[in-house]
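Asks: From first to last, the protein sequence lines stand for chains A and B.
Residues in the first sequence are numbered from 0 upward in steps of one, following numbering that gives the first Met the number 0.
Residues in the second sequence are numbered from 0 upward in steps of one, following numbering that gives the first Met the number 0.
If you are wondering where the hints come from, they were derived from the structure by calculation, not from laboratory data.
Everything numeric in this text was worked out from a predicted model, so none of it was measured.
We put the beta carbon where it would ideally sit given N, CA and C, even for glycine.
Please note: incorrect hints may appear among the correct ones.
Here are the computed lysine-lysine pairs in the DSSO-like style, where the Cα-Cα straight-line distance is at most 27 Å [unchecked claim]:
1. B:Lys23 <-> A:Lys131
2. A:Lys69 <-> B:Lys23
3. A:Lys78 <-> A:Lys1
4. B:Lys23 <-> A:Lys126
5. B:Lys105 <-> A:Lys116
6. B:Lys139 <-> A:Lys23
Which chain B residues stay away from chain A? Per the calculated CB distances, all over 10 Å, these [what the hints assert, rightly or not]:
7. Ile2
8. His10
9. Glu25
10. Asn29
11. Asp39
12. Arg46
13. Asp54
14. Ser78
15. Asn89
16. Phe101
17. Asp107
18. Glu137
19. Lys139
20. Thr149
21. Asn157
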Amino acid sequence: MKNKIIIPILVLLSIIIGGYTAIKKINSSTQNNEFSIKNGNWKINPNMDLKDSYQRAYISRIGVFALDEKEALYFLSSKDNDGNPLRSDFDYQIIGTPPKGRYWSYTLYGEDYFLVKNDANIYTINKENLTKDKPIMVSSTKKDINWLPSGNETKFHITLRVYNPDESVYKNLESLELPTIKKIEK
Amino acid sequence: MSICSYNLTIHYIPNIVYAVFHYKIEKNQNIKDNEIKHFDIPSDQSRNVVMPNPDFLYSTIFYDLSEKDLNINANMPDSTYWSVSFYKPNTINWFVKNDQEFDTNKLDLTLTLNDSKYENVIKSPVKKGFMIIRILVEKKDEKSIESYRTLQKNITIN
Numbered sequence: 000m001k002n003k004i005i006i007p008i009l010v011l012l013s014i015i016i017g018g019y020t021a022i023k024k025i026n027s028s029t030q031n032n033e034f035s036i037k038n039g040n041w042k043i044n045p046n047m048d049l050k051d052s053y054q055r056a057y058i059s060r061i062g063v064f065a066l067d068e069k070e071a072l073y074f075l076s077s078k079d080n081d082g083n084p085l086r087s088d089f090d091y092q093i094i095g096t097p098p099k100g101r102y103w104s105y106t107l108y109g110e111d112y113f114l115v116k117n118d119a120n121i122y123t124i125n126k127e128n129l130t131k132d133k134p135i136m137v138s139s140t141k142k143d144i145n146w147l148p149s150g151n152e153t154k155f156h157i158t159l160r161v162y163n164p165d166e167s168v169y170k171n172l173e174s175l176e177l178p179t180i181k182k183i184e185k
Numbered sequence: 000m001s002i003c004s005y006n007l008t009i010h011y012i013p014n015i016v017y018a019v020f021h022y023k024i025e026k027n028q029n030i031k032d033n034e035i036k037h038f039d040i041p042s043d044q045s046r047n048v049v050m051p052n053p054d055f056l057y058s059t060i061f062y063d064l065s066e067k068d069l070n071i072n073a074n075m076p077d078s079t080y081w082s083v084s085f086y087k088p089n090t091i092n093w094f095v096k097n098d099q100e101f102d103t104n105k106l107d108l109t110l111t112l113n114d115s116k117y118e119n120v121i122k123s124p125v126k127k128g129f130m131i132i133r134i135l136v137e138k139k140d141e142k143s144i145e146s147y148r149t150l151q152k153n154i155t156i157n
């Protein structure tokens, strides 16, 4: 009689523990970008040949409905050049040229990976709204040109997207020269 | 038993993410399978999917081919990036084709479960899945946005 109760409880507990551990593992991998290719402080989406179930679970958490690397590359950074988290109480300059491709953009996301509220409704800098030869300014206060607002986010992420990247780009993700994010005094 | 549950959970996380997304869209947007939904350019109010690209107009369909094939027709833009992509319910992208890979900006596709020799007929590996049409809107002036919105709204499914 005792076994009839204990065994189902143990089975149920095992299922719960297994499921919980799996979700925790993927959440922690998501936070640490474990499956990403690293280049400086940028993390790049891994190969989208998603036969590995860990990688598939990870991608579904950070960027569901992403495209393969020939169609689009997603470079994500949550840190400045010195390795410190990006925070809206500092200003930053993005310096350098995006990798070659048909279209590129920088987009700022909050800690929750959604777009950040700002009065100017500016969420992205691309080649159409970029003033050339001037750095991109990431700041919570208005800037006259190349302004990427960081709102009131304690921490935030910057994503650099490149659509239809050159072959030389997606085949050299680890050694590619990428723009840098430099903290500046306000 | 724990290991089995662990592996199954890892395996099915994408399906769960997809199912939640499907439920949210169906409920919040009042949209059914094989109906197209045109989304405006994402803003800070957009909460359906993480990391939306604010340079894109998205049109989406949860397709179900169990009863009929699906025809997708549109006059797409001729001077900006656009693409058609299909996903399985485990979020795997099994097809993507962009404007430069199509011969024309007149989109005329049939999605089916059957084999076909025609290039514009696409065989889906799954009965049910998801389609996204992306239209790039780099210039954010009202005229550009409106012209792309008009083209987007003319995408038809039958």
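Asks: Broken hints, numbered, in rising order?
Replies: Result: hints 1, 2, 3, 4, 5, 6, 7, 8, 12, 13, 15, 18, 19 break, sorted rising.
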